[in-house]
Every structure is written in C-alpha cells, then in structure tokens.
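Going down the list, the protein sequences come from chains A and B.
According to this note's numbering, the stretch in the first sequence is residues 12 to 295, in order.
According to this note's numbering, the stretch in the second sequence is residues 12 to 295, in order.
Hints may be right or wrong, so weigh each one.
Which copy is meant is left open, because identical chains are indistinguishable; a pair holds if it fits in one copy or across any two.
Restricting the straight-line Cα-Cα distance to at most 16 Å, the calculated cross-link-like pairs of lysine to aspartate or glutamate (EDC-like) are [unchecked claim]: (1) Lys139 to Asp292; (2) Lys139 to Asp231; (3) Lys139 to Asp239; (4) Lys33 to Glu148; (5) Lys98 to Asp123; (6) Lys87 to Glu119; (7) Lys270 to Asp252; (8) Lys33 to Asp61; (9) Lys139 to Asp61; (10) Lys270 to Asp256; (11) Lys33 to Glu56; (12) Lys87 to Glu148; (13) Lys282 to Asp264; (14) Lys282 to Glu181.
Hints are computed from structural coordinates only; laboratory data are not their basis.
There are 2 protein chains.
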Amino acid sequence: MINKLCIVGMGLIGGSLARALKVADAVNHVIAVGRDETHLKRAVELGVADSYEMSITHAVTDADVIVVAVPVGSMKSVFSELAGNIKSDAVITDVGSVKGNVVRNAVEVLGDSLSRFVPGHPIAGTEKSGVEASFAELYSGQRVILTPLEETAALATQTITQMWHAAGAEVVSVSVEHHDEVLAATSHLPHVLAYTLVDTLAQMHEHREIFKFAAGGFKDFTRIASSDPKMWHDICLNNRDSLLDMLTRFSSDMSKLTKAIEDEDSEFILKLFTRAKTARDQNC
Amino acid sequence: MINKLCIVGMGLIGGSLARALKVADAVNHVIAVGRDETHLKRAVELGVADSYEMSITHAVTDADVIVVAVPVGSMKSVFSELAGNIKSDAVITDVGSVKGNVVRNAVEVLGDSLSRFVPGHPIAGTEKSGVEASFAELYSGQRVILTPLEETAALATQTITQMWHAAGAEVVSVSVEHHDEVLAATSHLPHVLAYTLVDTLAQMHEHREIFKFAAGGFKDFTRIASSDPKMWHDICLNNRDSLLDMLTRFSSDMSKLTKAIEDEDSEFILKLFTRAKTARDQNC
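Full structure from sequences and hints, please.
Here's what the structure looks like:
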C-alpha cells in the first residue's frame with residue numbers, strides 16, 4: 012500500500028495508473044501535479060486524483076512514491092525540482108518511452124536521490140491523450156519494463172514492482188541500452204512510419220478524396236499517428252541513435268522491395284510477404 | 012433478387028457477400044467454384060453456398076450474376092473461361108483491389124460479354140483469409156467502388172449496384188485510373204510498409220525478444236501484414252506504376268524526416284507530427 016502517491020503529469024498514463032491503484036486499494040492518496048490547472052481540477056472531479064498542486068516542490072514534500080509522467084524532453088527539469096525536496100525514503104520512477112537519455116538526466120540532477128530512482132516504461136497506451144482518456148484496465152496483463160541502475164536500491168525497485176503488479180501489469184527488467192534498441196524497433200519506428208504516411212497523403216492534391224476511400228486496414232495502420240506530437244517529438248530526439256539505426260535498416264529493406272516491384276521480381280516479393288506474414292502470425 | 016449467383020473463388024470476400032445476400036433474402040441459389048474441393052465442401056457445410064462445382068464452365072451456364080473473387084493475377088484465366096459459356100443476359104463483376112490491369116484483361120478476353128462486365132472493388136476486408144473467416148456484416152456501411160467502362164450496359168451496372176446495396180454497402184463510381192491511384196495511397200502502400208517492417212524486425216538477431224515487447228500499437232500497425240501474401244503479391248505487380256509513384260513520394264518524405272532527426276531539427280519534426288495528427292483526426 013502506497014500512502015501518498017504523487018503523479019507529475021496527469022494524463023493517460025499517470026491517470027490510468029492512479030485509477031488502477033485505487034481500484035486495487037493499493038494507494039491512500041493521489042496528488043496530481045501539472046502546469047494546467049483545468050486539467051488538474053478535472054482529474055480531481057473524475058476521482059482520479061484526491062488533490063492537486065501546481066508546484067512540484069510543494070506537492071512532493073510528503074509523497075512516498077513520485078511517478079514522473081511528462082514527455083521525456085521535460086524529465087530533466089522535473090527531476091531538478093525533485094532533488095532535495097523529497098522525503099529521504101521516497102521512491103521516484105518515470106514512465107518515459109526512452110530510458111538512455113532519461114537516465115542520463117537523472118544521473119546529472121538527482122544527486123543523493125539517484126539510489127531511489129527506478130527508471131520504468133509501461134508498454135501500454137492508446138493513441139489518445141489526457142486524463143479523460145485514462146482507464147483502470149490500461150495495464151491489465153500488459154508489460155512494464157524497469158531498467159534499474161547499479162545505484163538503484165533493491166527496496167526502491169521492489170516498491171515500484173509492487174506498484175505495477177497492483178495495477179495488473181507484469182514487470183520485467185532489462186538494460187537501458189536493450190530497452191532503447193527494442194523500443195526503437197517495435198514502437199518508435201512504427202510511429203515515425205505512421206506519421207510520415209499520413210503526412211505524405213495529406214500533402215497530395217486530392218487528399219480529401221484519398222482519405223474518403225480509406226478502409227479499416229488504413230485506420231488501424233495509422234491509429235498511432237493520432238498520438239501526441241510533442242511526446243513523440245521528444246521520443247525521436249531522445250532515442251535518436253537507435254531510431255536512426257532502425258530507419259536505416261527499414262529504408263534499405265524498402266529500397267530492395269521497391270526494386271523488386273520495379274523489376275517485377277515475383278519470387279522476391281512473394282517470399283518477403285510470406286516471411287512477414289509468418290513472423291507476425293507467430294509473434295503477435 | 013438474384014436467382015442464381017456464381018462466386019468464383021469462395022474466400023473471405025466472396026463468402027461474406029454470399030452470407031450478406033442470404034441474410035437479406037436477395038439471392039435464391041449460390042454456387043461456389045474453386046480449385047480446392049475441401050474449401051468448396053466447407054462453404055456448403057457452412058451454408059455459405061448451396062452447391063459447388065470444380066469447373067467454371069459447368070458452374071456458370073445458368074448463372075445470372077458471376078462474381079469473380081480470385082487474386083487479381085488469376086482474373087484473366089477466369090475471364091477466358093467465362094467468355095462464350097455464360098447466359099446472354101448474365102452479368103459479371105469482380106472484387107479485385109486493382110482495376111486497370113483487371114479491366115485490360117477483361118477487354119482482351121471477354122469478347123461480347125464485355126458490355127455486361129462491371130469492374131468492382133469492395134473497400135472492406137480483414138487480415139484473415141478463407142470462407143471460414145467470412146461474415147454477413149463485412150460490407151455493412153462500407154463502400155464499394157464500381158468503375159464501369161464506356162462499353163458497360165447501364166442495366167448491368169444497376170444489377171451489381173443493387174447487389175451491393177442488398178449486402179449493406181454504399182456504392183460509388185469512379186474512373187479506373189482514379190481508383191488505382193487512390194488505392195495505391197490508402198491500401199497498397201500501407202500493406203507494403205507493414206510487410207517490410209515486420210520482415211525487417213524478423214531478420215534482426217534478437218527478433219524473438221523484439222516481438223515480445225511489442226504492444227497494442229504495433230499489433231494494430233502490423234495487422235495488415237497478416238494478409239494473404241499471394242493476393243498482395245498480385246496487387247503490387249498489377250498496380251505497379253501507381254504503387255511505385257507512392258513509394259517514391261513516401262521515401263522522399265521519410266528521407267527528409269530522417270535528416271531532421273539526424274540534425275535534431277525540432278521544429279520540422281514537431282510540425283510534421285502535428286500536421287499528420289490533425290489530418291488523421293479530421294479524416295479517419
């Protein structure tokens with residue numbers, strides 16, 4: 012049971028965590044922190060938070076667990092405000108989709124609190140944003156990746172593991188580097204492709220007509236292009252190297268397939284599509 | 012009411028049409044034709060077809076409407092078998108995702124029957140294949156594109172329009188060229204991207220680990236990569252020029268975005284993602 016949970020950045024991810032912990036009776040009090048008072052009031056109205064604060068330093072003084080759920084580009088400034096203002100036994104975690112840069116930020120500014128920082132990333136979400144889109148079942152049966160550092164206290168990792176278990180998630184630990192490589196492949200690259208495709212089509216002269224004939228497959232394929240642009244901008248820049256590596260691999264493979272279509276290389280095309288179908292059917 | 016409907020190629024698309032027409036009481040008898048007797052027997056067992064035939068020429072002698080629902084690469088040989096063997100007032104349509112090459116095939120081999128051929132394409136489907144995946148509601152509220160030719164008799168177009176209306180679909184007419192350009196953008200390119208992405212990941216050393224951390228967004232994004240490889244191979248080769256044009260546009264846009272990520276051009280990235288989100292939210 013967490014006595015006081017502070018969620019910095021009360022949106023889909025933080026809100027769904029608060030809801031899940033309340034349903035599981037695993038938290039006494041949730042305090043929401045953010046810059047937009049309207050959103051914070053709404054979080055209290057919805058019963059997702061019990062109270063709110065505009066000031067991080069005020070909000071965290073007696074918090075037991077602090078969940079930082081802001082875009083990864085804003086993590087460092089939040090961490091700076093936590094350092095020196097939290098209880099000596101408080102545990103900090105984050106939910107950022109990139110771990111390398113977030114960990115570097117934490118190392119730079121968290122000071123003595125670094126040993127109680129557990130880097131985390133729930134592999135769950137929808138294309139929607141904001142506390143109004145939050146729901147208690149978001150993490151049910153989903154994976155949360157933790158990337159504890161050498162400095163991280165075992166007790167801190169245990170607290171965050173228990174929190175995610177209470178929210179219904181499965182918790183796995185991997186290295187920071189491995190996390191960023193794997194997520195570049197399965198999440199960051201697909202988002203970049205989806206955003207680019209929709210933008211390519213939107214720039215075409217007859218784009219209204221084009222979207223009119225889009226079917227269910229297109230809607231599924233481009234759903235992630237409705238995700239929050241600022242959040243994904245931050246992710247691309249903060250996981251730049253792994254993402255560029257994946258973009259290079261993908262572009263190379265797409266050039267080969269394009270060449271095969273130009274050359275009407277039937278065998279190449281059929282083999283690639285068959286391999287892909289088999290891989291997806293086996294793994295998804 | 013169609014007295015005898017012959018469906019050549021009884022899979023997801025043909026099977027769902029037969030089911031929908033039966034539910035709407037808009038057909039008396041459905042005869043299924045195909046090369047795999049097991050599938051045809053299964054269609055009869057499921058009540059999707061009333062009878063089956065292995066021979067196209069036998070099956071079509073007294074059919075009033077013939078729906079050709081085979082991969083687009085196989086259309087020409089089916090059309091050849093229809094020519095000269097159908098009733099003088101029978102109407103032929105197809106469900107191919109490409110219209111240019113299918114129409115060229117029809118012009119080449121249908122002879123006198125060309126005036127009763129109505130090229131068509133239901134913008135509906137799932138990533139599943141086969142008659143067992145068929146369901147009566149597939150076309151409900153979906154669009155069917157018809158691309159009638161100058162030679163097409165008005166009465167033939169009317170028969171096929173009524174058939175799709177009875178199946179719950181909305182029917183629109185566009186030119187052959189326009190269909191192929193629009194579908195290259197909204198359907199053929201996304202399929203190529205999804206197949207390529209899954210294959211890129213499947214080739215990576217740690218691919219099992221990678222797929223393990225794929226979340227809902229990845230599953231949605233790659234769903235279309237589970238589609239029938241032969242069908243999509245045929246579509247790519249039969250709509251080659253429009254697809255290559257879209258691949259060129261997309262590659263150019265992706266190169267620009269890759270450059271922006273390399274250069275950490277924050278403004279470019281944020282603008283592109285924001286434009287894409289706005290376009291998708293407005294149009295999907």
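Original post:
Hint numbers the structure violates, sorted upward?
Top reply: Violated hints: 9, 12, 14; rest satisfied.
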